[in-house]
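Residue numbers (the numbering used here), protein chains in the order written: chain A, 178 to 469; chain B, 252 to 835; chain C, 132 to 302.
Hints in this document: simulated from the structure, not taken from any laboratory.
Take these hints with a grain of salt, some might be off.
[Claimed, not checked] Below are the DSS-like pairs computed for lysine-lysine, each with C-alpha atoms no more than 30 Å apart in a straight line:
| # | chain 1 | residue 1 | chain 2 | residue 2 |
| --- | --- | --- | --- | --- |
| 1 | B | Lys609 | B | Lys646 |
| 2 | C | Lys139 | B | Lys646 |
| 3 | A | Lys292 | C | Lys139 |
[Said to hold, decoys possible] Simulated restraints on C-beta separations:
| # | chain 1 | residue 1 | chain 2 | residue 2 | range |
| --- | --- | --- | --- | --- | --- |
| 4 | C | Gly221 | A | Asp271 | 46 to 52 Å |
| 5 | A | Gly398 | B | Ser687 | 54 to 60 Å |
| 6 | B | Ala431 | C | Gln219 | 42 to 48 Å |
Every residue, glycine too, gets a C-beta built ideally from N, C-alpha and C.
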Amino acid sequence: MDLIIYRGCTIPVRLPGYEAATIAVLEKLGVNVTVMNDANCCGAQYIESLNRMAYAVMCGRLLAIAEREERDIVALCGACSGSLKTNQHFLDNDIQARDEVNSILADEGLKYTGKVRVRHLLQVLMEDIGIEAIERAIVAPYKGTKLASHYGCHVTRPYEIVQVDDPENPTILDRIVEAAGGTAVDYPGKTRCCGGPMLAMDEEVAGVIGLDKIEKIGEAGADGIVTACVFCDIQLTQVQFGDKAGNPRKIPVLPIPQFLGLALGIEDSALGFELNKIDPETVVSGCSGGLK
Amino acid sequence: MTETETKDPRIGVFVCHCGHNIAGVVDVEKVADSAKVLPNVVYSCDEMFMCADAGQQLIRDKIAEHNLDRVVVASCSPRMHEPTFRRVVEEADLNRYLFDQVNLREHVSWCHTRQPFEATEKAIDLVRMSVARAAELEELPIKKVEVTPRTLVVGGGIAGIRAALDVADRGFEVVLVEKAPKLGGNIIKFSHVFPGDKSGAEVLKPLIQRIHDHERIKVHVNSTVDDFDGYIGNFDVIVKKHDAKNGSTYKIGAVIITTGFEPFKPQGYYSYGETPDIMTLAEFQSRSWKEQLVRPSDGVPVRKVVFIGCVGSREPGVKGHEHCSRYCCSALAQTAGDMRPNLDEAVILYQDIRTYGKGHEVFHRLARERHVIYSMFPTDEKPVVDVQGTIITIKWTDVLAEEDLVFQPDIVVLATAMIPPDDIEDIAKTFSLTRSGDGFFNPEHIKLAPLTTHTAGIMIAGVAQAAKIASESVIDASGAAAKAVGLMAKGEVEIESTVSRVLSDLCSTCHTCLTACPYGAIVIDEEHDPPVAFVHEAKCHGCGTCAAACPSSAIIMLHSTDTQILTMVKAYLCPTSGTEGGKA
Amino acid sequence: MSKTEKHKRLTPSSDFAEEVASIHGGEDIAKCIQCGICTASCVVARATEKYRPRKIIQKIILGDRVEVLTSEMSWFCMTCRMCEDRCQEGVSPAEIFHAVRVLAASEGHIPNVFRKSADTVLEDGWMLKDAYSDFIQDERDDLGLDPEVTFNEKFAHRIKEKYFSKKEGPR
């Protein structure tokens with residue numbers, strides 16, 4: 178299958194490892210990917226809160242670009258995938274809004290007609306590729322390394338619109354962890370937000386929220402955390418560096434393609450581990466492939 | 252019939268395992284064995300389930316085989332199976348009062364579960380006591396009284412109307428008494444009866460018409476029950492119009508009390524009484540509904556209304572006002588939701604929202620959808636209402652928004668408590684009924700017998716029993732009617748023979764027993780010379796108060812005579828030689 | 132009883148709730164029965180005492196337009212949608228607060244951080260142009276990624292001109 182990756186604002190600059198790992202993993206699993214350039218911010222959180230039509234036009238443009246490329250979009254950030262799906266739903270159900278969007282896009286020769294699907298990376302892995310195919314592709318499984326999954330809010334909610342996984346009891350990440358030979362670890366508050374969006378209004382509260390997650394994951398005995406959203410990844414990492422964090426051992430945070438990539442036999446240099454702010458030693462040492 | 256006075260009694264003892272219930276703790280075989288050597292016991296055994304067909308047949312077989320004339324069953328509580336075993340011995344031609352039951356379950360195995368040894372000791376003691384008592388038991392006659400096929404319904408509101416029609420439609424006569432000038436109670440005054448758009452009068456009219464047309468219903472309005480005497484199936488009633496000298500006399504088989512309620516007039520609450528623009532929900536409902544709503548004080552059209560719930564209800568420590576009146580939350584939701592489209596603002600101030608009834612939650616949501624503002628106030632800081640001329644100002648705190656609010660409505664509607672009517676104490680005295688904390692009548696058992704009372708033959712229904720909504724009153728009424736009809740259809744009713752009896756030779760006519768009896772069952776028999784106390788056995792409940800009170804020991808309790816009781820004490824304290832037990 | 136401002140007394144009015152109900156996202160405001168499950172589920176409410184979704188909705192129902200639109204309360208929602216997932220009445224407090232934010236923004240009540248971030252996006256086309264340094268480009272290159280990252284500025288300017296030039300009402 179052919180997909181176009183929408184990276185959003187943050188990944189190219191703050192988490193390029195996630196971008197690289199995703200491309201490597203998808204290609205390894207037989208998906209042909211291109212990356213969207215000349216894009217724009219999806220408008221999540223900021224533009225979203227200020228003007229609904231502006232938000233719709235911004236996402237509309239991204240959808241129209243994908244249409245032009247005749248590829249479904251795969252989003253790597255939860256907020257981006259949530260924005261794209263929400264606005265697709267809005268435009269599919271409101272003709273006036275759609276017409277307004279298209280009148281602006283017409284300048285660039287773009288048009289939104291609703292032809293392409295928006296997928297989050299987890300949907301591509303679980304539905305388009307399938308867990309059996311992933312299992313078959315594992316060449317260097319982990320030896321029971323314990324991973325806690327953090328799904329992120331915009332990936333799974335609201336279910337009626339995003340339709341990725343059960344919002345109260347999501348399992349996709351856990352199943353990928355197990356398929357790769359790891360042990361999925363459960364912990365209280367698994368479906369709670371990481372606190373990332375709160376950084377804007379109140380850093381302290383954001384820290385309380387994020388550290389609560391880290392604490393619960395630590396108590397559950399996880400060796401590492403796997404994520405499906407760049408924002409969550411960055412938040413769960415940096416909150417462990419704040420002065421409120423104290424001095425416990427830092428738990429490495431990995432976007433899921435980094436974790437999976439190693440088990441698929443992909444070179445670690447292609448996965449961007451050296452850019453991870455928290456040393457992923459406790460996780461990668463459990464992989465029979467190991468770092469080279 | 253066996254002659255129990257001349258021959259030695261022949262007692263059979265049956266100890267029940269009750270499956271694991273008794274046998275799991277008590278060594279039932281040992282208990283049965285212990286009974287074998289007791290005086291007058293000619294047969295003793297243990298059995299898995301005495302109440303089952305096999306157990307019952309066992310009793311019948313052994314009575315015949317061993318010529319038993321007393322039966323002791325050691326099993327569950329008499330409340331469970333006394334009637335069962337009495338019937339069994341009767342079928343074997345033995346008087347039912349020659350049977351005694353020992354409670355080895357509720358009184359032994361279930362409460363001494365972790366002490367099986369002591370429990371068995373206790374069981375052996377109890378059986379020994381019962382065997383001693385059985386030897387002293389005497390036959391008592393089985394009494395039946397006739398039931399007059401006529402029911403008295405007191406109170407002509409919706410419950411009374413329903414009960415009267417239910418009874419009369421099944422072929423029995425009804426006397427319906429109502430103190431107001433016409434039937435319909437509270438509902439007939441309401442301009443709006445939910446659901447639907449009809450007024451109370453419209454809803455009740457066809458039923459009231461049926462009552463007046465019914466050949467078996469006699470209606471007395473502007474009347475009360477002036478005198479009430481007698482016992483179940485045979486009550487004597489005098490119904491009188493207010494201020495009349497004489498009344499109508501009736502013989503009555505069963506009574507249904509449906510005296511309902513009156514809406515509380517909340518003097519001292521929320522400035523009620525300071526202006527006609529502050530009114531109760533009942534007063535509000537009694538006004539005309541279809542025209543434009545205007546303020547009573549100055550006729551200005553009403554655009555803003557505040558409703559306040561729980562007025563005079565749910566007040567801990569305030570006697571007669573501690574109960575929830577049940578109807579108000581639903582009534583407020585329905586009224587406010589209905590009115591809102593024609594108002595600028597409708598605000599409901601509440602402590603809780605209890606729209607519990609079938610379909611009522613829909614009204615709550617509808618009211619909110621129409622932008623009725625629901626605001627919760629704290630129970631310890633109620634809204635304050637101030638009246639200046641025609642301007643009403645209300646101040647309160649919203650608990651959920653943590654905000655202080657002020658509002659000037661055109662009218663204020665208070666959902667006030669359902670309280671008993673002002674003559675409820677008279678009714679209670681007349682019919683020997685007791686009342687509970689909310690002021691309404693006590694049922695015989697709140698869960699298992701909610702419509703009967705401790706006075707046999709008298710039922711309560713509707714709000715007379717407790718605050719409730721109209722549809723629930725109708726349910727009560729039909730239930731009480733069914734009980735009345737059941738009684739009258741049978742035509743006769745057994746009365747217990749375990750009553751008190753005056754030994755007239757010893758009576759000194761001191762009147763102590765008369766005053767002591769809670770059921771009014773004792774009178775002075777003037778025909779006797781000298782006059783002595785006399786017990787109306789049909790009214791007697793066998794409580795024993797008179798016997799205990801009598802200073803002359805002139806009253807005996809049948810089936811609980813002094814001999815019968817003291818012999819149990821003696822058997823417990825002084826086991827005869829050759830028997831075990833007594834240690835603990 | 133706690134008071135929000137010094138002895139301010141609000142006169143309740145359903146006008147504000149009706150206004151919110153007319154904005155996209157605020158339609159279900161009247162369905163709220165104040166049960167509190169949203170607040171019990173809210174991750175922010177768990178972390179700080181100053182935010183209570185149920186309280187904000189009741190303030191809307193009571194009609195406290197000034198406080199709801201001018202305070203920071205509705206901007207604390209992280210749009211995590213836990214409340215929406217759990218609400219039994221089909222209300223999404225997240226959506227309602229979204230509608231409130233849009234309304235507040237149209238009247239000029241925008242927290243600085245939102246204003247600044249939005250300005251950045253509308254100017255550069257994305258959020259992190261300033262952070263996009265040579266080092267980042269090198270890192271990308273080492274990873275085998277295209278070092279060039281492009282976002283369309285012209286489009287952003289069009290959006291700014293059409294929707295953020297002070298002529299529009301809440302959309």
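Run the distance test for Lys292(A) versus Lys139(C): straight-line Cα separation, threshold 30 Å. Violated, at roughly 54 Å.
Does the alpha-carbon distance linking Lys609(B) and Lys646(B) stay inside the 30 Å limit? Outside the cut-off at roughly 34 Å; violated.
For the pair Ala431(B) and Gln219(C), does the Cβ-Cβ distance stay inside 42 to 48 Å? holds, 46 Å
With respect to the beta-carbon atoms only, verify the hint that Gly221(C) and Asp271(A) lie 46 to 52 Å apart. Between Gly221(C) and Asp271(A), where Cβ atoms are some 20 Å apart, the hint is violated.
Does the structure keep Lys139(C) and Lys646(B) at a Cα separation of 30 Å or less? holds, 12 Å
Go ahead and decide if the range 54 to 60 Å is satisfied by the Cβ distance of Gly398(A) to Ser687(B). Check passed, 58 Å falls within 54 to 60 Å.
Checked against the numbered hints given earlier, this structure breaks hints 1, 3 and 4; the rest are met.
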